[in-house]
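Novice: Each chain, written out:
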Amino acid sequence: MSEDITKKIQSQIDKNKVILYMKGTKDLPQCGFSARVVNLINSYGVPYETVDVLANPEIRQGIKAYSNWPTVPQLYVNGKFIGGCDICVELEERGEFEPLLRNAVAEK
Amino acid sequence: MEPDEIKSIIEHGLPGSVVDVKGDGTHFEATIVSVKFRGMDLVEQHQAVYKTLGDAMKERIHALSLKTYTPEQWEKIK
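Order-wise, the sequence lines are chains A and B.
Each residue of the first sequence is one higher than the one before, counting from 1 in our numbering.
Each residue of the second sequence is one higher than the one before, counting from 109 in our numbering.
Same shape as in the complex, but just chain A (with noise of 0.2 Å):
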């Protein structure tokens, strides 16, 4: 993975509180996992900044390296990485999904 892609995905999570690496946007998912890691944060209305790794392929290879997870959706929240679509689905059930992203946008 090339520096510049790394510094570009860092400077991404470091300005971004809630961030997903998804396919596709917001209003138009592109894939099923996407949509719903959408759709639960979109349950929360809190604010989020989105990538499409399709308009991005060198963000799509990037993404992965970064993680060390070799799928998209990616979720970040205050620049740490959560997990993908199971995990926050896993988090939603267990209660804990909405309290981390409300108190990451809680904090200056």
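Because the hints were derived from the structure by calculation, they are not lab data.
Nothing here was measured: the structure is a model prediction, and the numbers come from that model.
Wrong hints could be hidden among the right ones.
[Stated by the list, open to error] Derived pair list, reagent style DMTMM-like, types lysine to aspartate or glutamate, alpha-carbon separation capped at 25 Å:
id, chain 1, residue 1, chain 2, residue 2
1, B, Lys159, A, Glu107
2, B, Lys184, A, Glu90
3, A, Lys80, B, Glu152
4, B, Lys115, A, Asp86
5, B, Lys175, A, Asp86
6, B, Lys175, A, Glu58
7, B, Lys186, A, Glu96
8, B, Lys130, A, Asp86
9, B, Lys166, A, Glu3
10, A, Lys64, B, Glu137
11, B, Lys166, A, Asp52
12, A, Lys17, B, Glu137
13, B, Lys186, A, Asp86
14, A, Lys23, B, Glu152
15, B, Lys144, A, Asp86
16, A, Lys23, B, Glu137
17, B, Lys115, A, Glu90
18, B, Lys166, A, Asp4
19, A, Lys64, B, Glu113
20, B, Lys166, A, Glu93
21, B, Lys159, A, Glu98
22, B, Lys175, A, Glu98
23, A, Lys23, B, Asp163
24, B, Lys144, A, Asp4
Fit chain B to the supplied structure of chain A, relying on the hints for placement.
Specialist: Below, chain B alone, put in the same frame as chain A:
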């Protein structure tokens, strides 16, 4: 790729684990119970499973949904 092949790869990579895989050839769902998951967070547990699958994850498996448990967690929910 067959569910049994995925099951066998994960079991080989995580000795002593109990693995169940369902799927249709491209989309799979796997449940893994392993003592190796003790002390790991969810990300680390999933990474441990992905690691056993290596390049198959990149090339041959389109989508794999994971549920990971320690034996203690599994006792509570099963």
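Novice: Hint by hint, note whether the structure agrees.
Specialist: Evaluation of the provided hints:
{"no.": "1", "hint": "B/Lys159 / A/Glu107", "result": "violated (34 Å)"}
{"no.": "2", "hint": "B/Lys184 / A/Glu90", "result": "holds (15 Å)"}
{"no.": "3", "hint": "A/Lys80 / B/Glu152", "result": "holds (13 Å)"}
{"no.": "4", "hint": "B/Lys115 / A/Asp86", "result": "holds (18 Å)"}
{"no.": "5", "hint": "B/Lys175 / A/Asp86", "result": "holds (7 Å)"}
{"no.": "6", "hint": "B/Lys175 / A/Glu58", "result": "violated (29 Å)"}
{"no.": "7", "hint": "B/Lys186 / A/Glu96", "result": "holds (21 Å)"}
{"no.": "8", "hint": "B/Lys130 / A/Asp86", "result": "holds (15 Å)"}
{"no.": "9", "hint": "B/Lys166 / A/Glu3", "result": "holds (22 Å)"}
{"no.": "10", "hint": "A/Lys64 / B/Glu137", "result": "holds (21 Å)"}
{"no.": "11", "hint": "B/Lys166 / A/Asp52", "result": "holds (19 Å)"}
{"no.": "12", "hint": "A/Lys17 / B/Glu137", "result": "violated (30 Å)"}
{"no.": "13", "hint": "B/Lys186 / A/Asp86", "result": "holds (18 Å)"}
{"no.": "14", "hint": "A/Lys23 / B/Glu152", "result": "holds (23 Å)"}
{"no.": "15", "hint": "B/Lys144 / A/Asp86", "result": "holds (19 Å)"}
{"no.": "16", "hint": "A/Lys23 / B/Glu137", "result": "holds (20 Å)"}
{"no.": "17", "hint": "B/Lys115 / A/Glu90", "result": "holds (21 Å)"}
{"no.": "18", "hint": "B/Lys166 / A/Asp4", "result": "holds (23 Å)"}
{"no.": "19", "hint": "A/Lys64 / B/Glu113", "result": "holds (24 Å)"}
{"no.": "20", "hint": "B/Lys166 / A/Glu93", "result": "violated (28 Å)"}
{"no.": "21", "hint": "B/Lys159 / A/Glu98", "result": "violated (29 Å)"}
{"no.": "22", "hint": "B/Lys175 / A/Glu98", "result": "holds (20 Å)"}
{"no.": "23", "hint": "A/Lys23 / B/Asp163", "result": "holds (21 Å)"}
{"no.": "24", "hint": "B/Lys144 / A/Asp4", "result": "violated (36 Å)"}
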